[in-house]
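Trainee: The opening residue of the sequence shown carries number 1 in UniProt numbering; numbering runs sequentially from there.
You can take every hint at face value.
Distance ranges between label pairs, derived from CB positions:
{"#": "1", "residue 1": "Pro15", "residue 2": "Trp110", "range": "33 to 41 Å"}
{"#": "2", "residue 1": "Asp78", "residue 2": "Glu13", "range": "28 to 36 Å"}
{"#": "3", "residue 1": "Trp110", "residue 2": "Asp90", "range": "15 to 23 Å"}
Read the hints as simulated data drawn from the structure, not as lab findings.
Glycine included, every Cβ here is placed at the ideal spot set by N, Cα and C.
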Amino acid sequence: MSECLFCRIVAREIPAAEVMRTSEVVAFSDISPQAPTHLLVVPTTHYDDALAMSSDDPALAGRLLRAAGEVANSAGLDAGYRIVFNTGEDGGQSVHHVHAHVLGGRAMSWPPG
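Using the sequences plus the hints, can you model the full thing?
Mentor: Written out as structure tokens, the structure reads:
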């Protein structure tokens, strides 16, 4: 997956502002933030989307969600935050390596867009 942007970030071939790294998950700041706090949480194993990850390794999906909550808490998002998985082109997925967006630091509106 050497062409995958997030695989290259996981491999430290491309720098990122990391906020968490474990053997299974890496979290870093989004380079185009859509909220005052916008972090991405990715598994170190490549999966195209959340469905593929949860089908192949549901326990990893749970650990990724837990990591998303941990980075939100570490970022001080006590007033609340949003965790979003975009899936497919129409869903807004631009990098086809599953990733959770953790957005916070302001009130979120609905519908999102």
